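2 protein chains.
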Amino acid sequence: MTERLYLFDTTLRDGAQTPGIDFSVEDKILITSLIERAGIDYIEGGWPGANPTDTEFFAQKRTRRAVFTAFGMTKRAGRSLSNDPGLLAVLQAEADAVCLVAKTWDFHVTVALGTTLNDNLQAIRESIGAVRACGREPMLDCEHFFDGWKHNRDYALACAVAACEAGARWVVLCDTNGGTLPEEVEAIVAEVARHVPGDRLGIHAHDDTGNAVANSLAAVRAGARQIQGTLNGIGERCGNANLVTLIPTLKLKAGYADRFETGVSDDQLAHLTQISRAFNEMLNRAPARQAPYVGEAAFATKAGLHASAILKDPATYEHVAPETVGNRRRVLVSDQAGRSNVLAELERLGIPADRDDPRIGTLLDEVKRREAEGWAYEAADASFELLARRALGSVPEFFRVESFRVLVERRYNAIGELVTVSEATVKITVDGETLMSVGEGNGPVNALDRAIRKDLGRFQSFIEDLELADYKVRILNGGTGATTRVLIESRDASGNRWSTVGVSPNIVDASFQALVDSITWKLLKAGAAPGRAVAGPALTSVR
Amino acid sequence: MTERLYLFDTTLRDGAQTPGIDFSVEDKILITSLIERAGIDYIEGGWPGANPTDTEFFAQKRTRRAVFTAFGMTKRAGRSLSNDPGLLAVLQAEADAVCLVAKTWDFHVTVALGTTLNDNLQAIRESIGAVRACGREPMLDCEHFFDGWKHNRDYALACAVAACEAGARWVVLCDTNGGTLPEEVEAIVAEVARHVPGDRLGIHAHDDTGNAVANSLAAVRAGARQIQGTLNGIGERCGNANLVTLIPTLKLKAGYADRFETGVSDDQLAHLTQISRAFNEMLNRAPARQAPYVGEAAFATKAGLHASAILKDPATYEHVAPETVGNRRRVLVSDQAGRSNVLAELERLGIPADRDDPRIGTLLDEVKRREAEGWAYEAADASFELLARRALGSVPEFFRVESFRVLVERRYNAIGELVTVSEATVKITVDGETLMSVGEGNGPVNALDRAIRKDLGRFQSFIEDLELADYKVRILNGGTGATTRVLIESRDASGNRWSTVGVSPNIVDASFQALVDSITWKLLKAGAAPGRAVAGPALTSVR
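Just so you know, the protein sequences line up as chains Y and R, in that order. Using the UniProt record's numbering, you'd call the opening residue of the first sequence number 1 and step up by one each time. Using the UniProt record's numbering, you'd call the opening residue of the second sequence number 1 and step up by one each time.
Worth double-checking, as some hints may not be accurate.
Because identical chains cannot be distinguished in the list, a pair is counted as satisfied if it fits within a single copy or across any two copies.
[Claimed, not checked] Pairs of lysine-lysine, DSBU-like flavour, derived with a Cα cap of 35 Å:
(1) Lys-368 - Lys-61
(2) Lys-61 - Lys-150
(3) Lys-472 - Lys-454
(4) Lys-368 - Lys-150
(5) Lys-150 - Lys-472
(6) Lys-525 - Lys-427
(7) Lys-454 - Lys-427
(8) Lys-427 - Lys-472
(9) Lys-525 - Lys-61
(10) Lys-525 - Lys-454
(11) Lys-253 - Lys-150
(12) Lys-368 - Lys-472
(13) Lys-368 - Lys-427
(14) Lys-61 - Lys-454
(15) Lys-427 - Lys-150
(16) Lys-525 - Lys-368
(17) Lys-427 - Lys-253
(18) Lys-150 - Lys-525
Calculated directly from the structure, the hints in this document are not laboratory data. Note that the structure is a prediction, hence the values are computed from the model and not measured.
With the rest of the complex left out, here is chain Y (with noise of 0.2 Å):
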């Protein structure tokens, strides 16, 4: 009844385009784990051999179930396909699938290229072929096949028609510079796909006019079945097709719903919020707010004509339900909505309350205060945890750093050698005794971590498997009045991982306030027994 639609993601090849994103292995590992939890069929993963960090992420297969993907470009016009190093170099890295642009826009073949009409579509028959004989799924990106096809559409058409012939599973329409609008999308692939089969055409649009979205569902509804985009929409200039955006669409909306099957999972789909702020964390961007369907504010009601309305029957003013897309509802009317807020957030956590608990209030404001000055407690659940149980009753105080130290110095060390040493001293009461240490890290917060970590008397055997998973700065405001907040995701042997934050002018006391309360978290979960009651105040005390 429904047919397949398939989703490519060129987050590490077109969204690496994007001014100001770079990414390492790393980050393109971490990357790859996000979109195959989306659901998505196709990841390219770069251009092997363009750039060390592309062929050292190509050197092994990175995917477990999305068709791993390299990019490069088909042979060079003049040249054999075994004389061209940067081809070879693609069929050789260990991918699935090879998807090779190449000019369809004759002006470019003959002037950029400077080769010959006929000579182009050689090189895309052979590379293609190439692909196929290397037991790689080809694929071809028709580079400018739109204003290609205004041009000299009979030509734009024979390159996507010999790619098909040759052998490509998909030919993928590239609108590369973003200018071309929904209806000429429309009008374009309808009459490509009375060439080239609709299940082996593909949109690759850009949203320089705002319509990368409208473009890609142009393109399925004339026919294609492949939509290559990015997460959060990251890409060249304005960016490539959102798919998140486009995912909840084909997976919810009449039109698509109904006619169309894809490999994201209901499940999947209810994790796309959290994917898309995931993303954003790993950029160290702040979410779009106004982002459709993931955004914080996608289902937010500010007080007035709607808000009571919508509390009464939420089906009929919102156009999706937002749980579907893990995403919720937000009315920003009043007090009485945070309270709820916060009481829904204390069950999530286990923490039994009181709904008429005056001290839900205390909590409250003093949530707002905090997240005032830069806190952020959607991030750290375990700090926000730590605030509620204390808020609500007490929480053992485990331990108290009287005081700490932190150096960092660079300098010529005794061969002549330029070093940079971080040292940290605390100074720590746990039962009325004072344990001093001393760590050395590669930068100040690494160096306090480890002499926090170091000797904690009696708890030291239940902290002995926490890890720092993460951690992550921003600086919240820019300039000389800067406020630092920290986020630090820590894990245990158990697999357990909990996030916590501090938020300081300074970047060593953001990270203490944050390292502290993942330390206290984790007792506390361990079911350490509290110490004896110390008289004064404690640098740990939440006041």
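Please arrange chain R on chain Y, whose structure you already have, making use of the hints.
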């Protein structure tokens, strides 16, 4: 030949529903002048009577050329016009036009309004008649028109026709919850246009599926001649149709520019980038770098592949000329850069370079090697310039930092307060003379910056006006092997702004590198004379 298209701005009404945005009367006055500069026909200023701000804003006419429009609701069912104070307040406002919203989805009429379908039609007729009687131009916003159409086509249409017959200049079809897709909008508007003349039909789209722009264009293709939207697409949930994106498409792109005329002059179009950014400044928001047409990245390229061709013939890679919308072309240096990017950058920075100089290749390799380590030169012009000048000739060593030491200490002070103190000492050599300085700050980097800039000997006068404008940190890969990248933006009294970068596992070290680059660049630009050769043994004074 061409038909007139009308642009209707609702930044001050629907845009004011954006979470996090609140406008004062002064804000509204400023934004009105900004909207007028864009050449927009109608400005909807708010809802007089609904809140004190809007009532005050409508106490006088606020536009010079644009039609000043008040928003309101049609009269309440079961009341006479004269007994509906809400509507009377709107009719008494100092407006040229009045846009009334009415429910057109049968379900909302009967359930939410609790009235009959006929009474609602009667309210539309009477209310539009009342607007006419007051000498204002009448318009009807048909709330939930597309959903209403899908549920009860005849009734939705009856509402539109009733408004038209009662004399509404415009009948605006609103996709209130933003869930309608372009092909549906096009089909439905085409049907409606058989009953209401297209030159009296408007479209009001929201971006909940990422199609607000495409939906607006689809409606125009189907016959509508008024487009409602906002500056930069602000608005409830995912925002309204972005007029800043729509205007260049309507003015420049085939299929629109040749068929339609708008109130926006070419000169106003050429100020669009400036208007969009000024609006972001007013909202205190970072501009969207990837915004179509006006974003900083909208005409930026970092691919080596395209960069060389763009320089040869921009028109074949850019769908419109950046200058037409007041933006500019950018060719960025990066990992992906080829020789042409580097040459283009050198030219832009005014660094003389010979195309065939082998040192260009060395520089390119160095850039690639460093970017693989995490350096990002595209966001750090000044560091790139120093790197390039060092590769191609020489940058004098104005000063040398022999060593530095940074201390961060958290402890109780003498009067029992908890304090965190940051202190830095540096040892610098200038002209063979050693200078030692110490600085305090609110964090380790701030302390180091103060110490370094405290005494640069005879260069001190050149850096007196140097200021840090922004400081950004990014952890490039999480966990223990993390690398830190620091970007610093500096400025001086002459209004120069420059950016530098540093990379190290140690955040203090990375910051140090960026700080030293910033000072060196400033000395270079200020024309400071490099160090003299020192005759005889150097006198070393310690201050």
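For each hint, the structure was consulted:
Taking the shortest Cα distances, Lys-368 and Lys-61 sit within 35 Å of each other only across copies (24 Å), while inside one copy they are farther apart (46 Å). Proximity of Lys-61 and Lys-150 under a CA criterion of 35 Å is satisfied in neither setting, with 39 Å inside one chain copy and 48 Å between copies. Proximity of Lys-472 to Lys-454 under the C-alpha cut-off of 35 Å is found in both arrangements, the shortest distances being 23 Å within a copy and 31 Å between copies. For the identical chains of this complex, Lys-368 and Lys-150 are neighbours neither inside a copy (56 Å) nor across copies (38 Å), given an alpha-carbon limit of 35 Å.
For the homomeric pair Lys-150 and Lys-472, neither the shortest alpha-carbon distance inside one copy (48 Å) nor that between copies (45 Å) is at most 35 Å. With identical chains, the CA atoms of Lys-525 and Lys-427 are at most 35 Å apart within one copy only, with a shortest distance of 24 Å there and 48 Å across copies. Taking the shortest alpha-carbon separations for Lys-454 and Lys-427, both the intra-copy value of 11 Å and the inter-copy value of 33 Å come in at or below 35 Å. In this assembly of identical chains, Lys-427 and Lys-472 lie within 35 Å of each other by CA distance both inside one copy and across copies; the values are 26 Å within and 31 Å between.
Neither within a single protomer nor between protomers do Lys-525 and Lys-61 lie at most 35 Å apart by alpha-carbon distance, with minima of 38 Å and 49 Å respectively. Within a single copy, Lys-525 and Lys-454 get their C-alpha atoms as close as 20 Å, which meets the 35 Å cut-off; across copies the closest is 49 Å, which misses it. In this homomeric assembly, Lys-253 and Lys-150 come within 35 Å of each other (Cα to Cα) both inside a single copy, at 32 Å, and across copies, at 14 Å. In this assembly of identical chains, the alpha carbons of Lys-368 and Lys-472 lie at most 35 Å apart whether taken from the same copy (22 Å) or from different copies (25 Å).
Taking the closest pair of Cα atoms, Lys-368 and Lys-427 come within 35 Å of each other only inside a single copy of the chain (32 Å); across copies the shortest separation is 45 Å, beyond that limit. Proximity of Lys-61 and Lys-454 under a CA criterion of 35 Å is satisfied in neither setting, with 39 Å inside one chain copy and 53 Å between copies. Proximity of Lys-427 to Lys-150 under the C-alpha cut-off of 35 Å is found in neither arrangement, the shortest distances being 74 Å within a copy and 66 Å between copies. Only within a single protomer do Lys-525 and Lys-368 lie at most 35 Å apart by alpha-carbon distance; the minimum there is 26 Å, versus 46 Å between protomers.
In this homomeric assembly, Lys-427 and Lys-253 never come within 35 Å of each other (Cα to Cα): the closest approach is 60 Å inside a single copy and 66 Å across copies. With identical chains, the CA atoms of Lys-150 and Lys-525 are never at most 35 Å apart, being 65 Å at best within one copy and 49 Å at best between copies.
Hints 2, 4, 5, 9, 14, 15, 17, 18 from the list above are not met by this structure, while the remaining hints are.
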